[in-house]
Amino acid sequence: QVQLVQSGSELKKPGASVKVSCKASGSKPSGYKFINYAMNWVRQAPGQGPEWMGWIDTNTGNPTYAPGFTGRFVFSLDTSVNTALLQISSLKAEDTAVYYCAKEVLGLVLTGGMDVWGQGTAVTVSS
Amino acid sequence: QSALTQPPSASGSPGQSVTISCTGISSDVGGYNYVSWYQQHPGKAPKLMIYEVTKRPSGVPDRFSGSKSGDTASLTVSGLQAEDEAEYYCSSYAGDNNYVFGSGTKVTVL
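Protein chains in written order, with my numbering: chain G, 23 to 149; chain L, 46 to 155.
Here chain G stands alone, though its shape is the one from the complex (with noise of 0.2 Å):
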């Protein structure tokens, strides 16, 4: 079974920067192994819907920005110890969001589902 433990909440004051990890595990029957399936990350607001960010391919580490999450927003990768990155630069406001990464069901194209979710972790940016 596979499972996403994501960093702890963050508080940052506007301007910051803060880095989200993302760290997958998978217990030997189930055969996962973190550079055979994509990475999604999903942002939700406060009493807001999921928005989804991106993703990034964790074979060659190549990322996809959503519209509206390009400049601000970089994935990354440490596959030495399958884990994925998101860092957030000059946080505003409305980023305050719980930030989501989630991987992708069936491998390294996206197909229509994210099948397992980290814990999810809560940004706040407030002065």
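Each hint should be verified, as a subset may be incorrect.
Simulated coverage check for chain G against chain L, where a stretch passes if three residues somewhere in it have a Cβ under 8 Å from a Cβ of chain L [stated by the list, open to error]:
(1) 30-43
(2) 70-76
Selected chain G positions facing chain L (Cβ under 7 Å, derived; list incomplete) [said to hold, decoys possible]:
(3) T86
(4) Y122
(5) V127
(6) L132
Read the hints as simulated data drawn from the structure, not as lab findings.
Beta carbons: idealized from backbone N, C-alpha and C, even for Gly.
Based on these hints, arrange chain L on the given structure of chain G.
Coordinates of chain L only, in the frame set by chain G:
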């Protein structure tokens, strides 16, 4: 891309069925058989209930079923149970390696 359109709320009594619609356009829902549905309880992460329009991940009860016609996808929950009360979101592949989520539907079990 714009969010997919879902009704804000739906309800049914225990044992009844409820169907939630998810309307997009030809470049997302209508263009691909890559619609998924997520259940979210308050304070929890979303849970995948249906992917690729009709497929259920292991462990999801067969009371949950999905379908699609044209630009509209649907999720049906049969034999409603108290634990089905939650927010439900659809999502669709939208081309160029992009996804879009729906606006969400709050399902209430009366």
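* With chain L as the partner, please determine if T86/G meets the hint condition of a C-beta pair closer than 7 Å. => Check passed: Cβ of T86/G comes within 5 Å of chain L, closer than 7 Å.
* **Coverage assertion for the segment 30-43 of chain G with respect to chain L, Cβ distance below 8 Å, three residues required** => Per the Cβ count (0), the hint is violated.
* Restraint check, 7 Å cut-off on beta carbons, for L132/G near chain L -> holds (6 Å)
* Asked: Against chain L, is Y122/G within 7 Å by beta-carbon distance?
  -> holds (6 Å)
* Examine the segment 70-76 of chain G: at least three residues should have C-beta closer than 8 Å to a C-beta of chain L. => Check passed, 4 qualifying residues.
* Hint validity - V127/G Cβ closer than 7 Å to any chain L Cβ -> holds (5 Å)
Hint 1 from the list above is the single one not met by this structure.
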